[in-house]
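Trainee: If you're matching positions, the sequence shown starts at 1 in the numbering used here and goes up one per residue.
Calculated directly from the structure, the hints in this document are not laboratory data.
If a hint is listed, it holds; no wrong ones were tucked in.
Capping the alpha-carbon separation at 20 Å, the derived lysine to aspartate or glutamate pairs in EDC-like fashion look like this:
| id | residue 1 | residue 2 |
| --- | --- | --- |
| 1 | Lys37 | Asp49 |
| 2 | Lys67 | Glu9 |
| 3 | Lys120 | Glu24 |
| 4 | Lys82 | Asp49 |
Now the in silico label distances, taken between C-beta atoms and shown as ranges:
| id | residue 1 | residue 2 | range |
| --- | --- | --- | --- |
| 5 | Glu117 | Glu44 | 30 to 36 Å |
| 6 | Val11 | Leu92 | 14 to 20 Å |
| 7 | Val11 | Val41 | 19 to 25 Å |
| 8 | Ser105 | Asp8 | 17 to 23 Å |
| 9 | Thr73 | Glu44 | 17 to 23 Å |
Yeah, the Cβ is synthetic: ideal placement off N, Cα and C, and Gly gets one too.
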Amino acid sequence: MKIFIIDDEEVSLFLSQRMLLIQEEDAEISLFLSAEKALKVLREGKPEDSPDVILLDINMPVIDGWKFLEHFTSMEELIQRKCSIYVLTSSLDASDEEAVKNHPSVTSIIHKPLKIEDIKLLFSHS
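Build out the structure end to end from the sequences listed, making use of the hints.
Mentor: The structure is reproduced here in structure tokens:
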């Protein structure tokens, strides 16, 4: 399984990657400290090489998770169909949670830190 983790916090990236690899050591994980870099990789790559799962932080500088989702919805349909997006957030704001649940490109919301139960659910849906 190919996974992108997009988060502006290095510690969060590291912990999420470690937790995923504990559950699925063969996972191919790419880490991005900015949404811009992840969008560039998605745009420049072949649609069939897109990740199966994107773990996306919402609160990031420059291009936040909401802006990333706007760009994502304008990408080729094959990319959109292939990628399951999970918002991985520390936000407890009820309006963020409601907006995530109602966004057509988002599969689900996961609260940080990533837990084994979350990972099992993530792998069972992909």
